[in-house]
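Trainee: Work out the full structure: start from the sequences and follow the hints.
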Amino acid sequence: MNKNKKLHFLKYLFADIISAMVPWTVFFAYRKYNIDPVANNGNEQILLDNNLYIGLFVIPAFWVALYAFSGYYNKSMIKSRLGELGQTLFMSVIGLVLIFFSLLLDDEINTYKDYYESFLVLFVL
Numbered sequence: 000m001n002k003n004k005k006l007h008f009l010k011y012l013f014a015d016i017i018s019a020m021v022p023w024t025v026f027f028a029y030r031k032y033n034i035d036p037v038a039n040n041g042n043e044q045i046l047l048d049n050n051l052y053i054g055l056f057v058i059p060a061f062w063v064a065l066y067a068f069s070g071y072y073n074k075s076m077i078k079s080r081l082g083e084l085g086q087t088l089f090m091s092v093i094g095l096v097l098i099f100f101s102l103l104l105d106d107e108i109n110t111y112k113d114y115y116e117s118f119l120v121l122f123v124l
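Okay, so the sequence shown: first residue is 0 according to numbering that gives the first Met the number 0, each after it adds one.
Calculated directly from the structure, the hints in this document are not laboratory data.
There's no promise every hint is true.
[Stated by the list, open to error] Across the chosen pairs, the derived CB separations fall in these ranges:
#1 Gly85 - Val57: 25 to 31 Å
#2 Phe8 - Ser91: 19 to 25 Å
#3 Ala14 - Phe122: 15 to 21 Å
#4 Val120 - Asn73: 28 to 34 Å
#5 Lys112 - Leu47: 24 to 30 Å
Small disclaimer: the values here were computed from a predicted structure and weren't measured.
Quick reminder that beta carbons are idealized off the backbone N, C-alpha and C, glycines included.
Mentor: Laid out in structure tokens, this is it:
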């Protein structure tokens, strides 16, 4: 791998990690404020929650592994924009379903509407 391709790969990787960390942090705060407000005593409580920091490591690693498995990082210099958009949307739905069923389905909720709302908010982010 020459220097230019390696730099391009590292840019993709860094962007994917940041684009997984930021939405996860926003979604985590959203869940604490809207889905589970009884357990939340303010911003300090969110920042002291170990699950936030575990998620900041696990979620980006999950997305990078999923994108690598799908071939997203192969030949990143010659990609169709429309093809890349389709592949990203498809893998986002797959990843979202996996995250939802593995991490979010066991949350305590008031109504099942909270699950639908969480799923939609996470997809939009």
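Trainee: State for each hint whether it applies.
Mentor: Hint check:
At about 26 Å, the CB distance of glycine 85 to valine 57 agrees with the hint of 25 to 31 Å. Look at phenylalanine 8 against serine 91: about 20 Å separates their beta carbons, and that is inside 19 to 25 Å. The hinted range of 15 to 21 Å is satisfied by alanine 14 and phenylalanine 122, whose Cβ atoms lie roughly 19 Å apart. Taking 28 to 34 Å as the suggested C-beta distance range, the pair valine 120 and asparagine 73 conforms, at roughly 31 Å.
Against the hinted window of 24 to 30 Å, the Cβ-Cβ separation of lysine 112 and leucine 47 comes to about 28 Å, which satisfies the hint.
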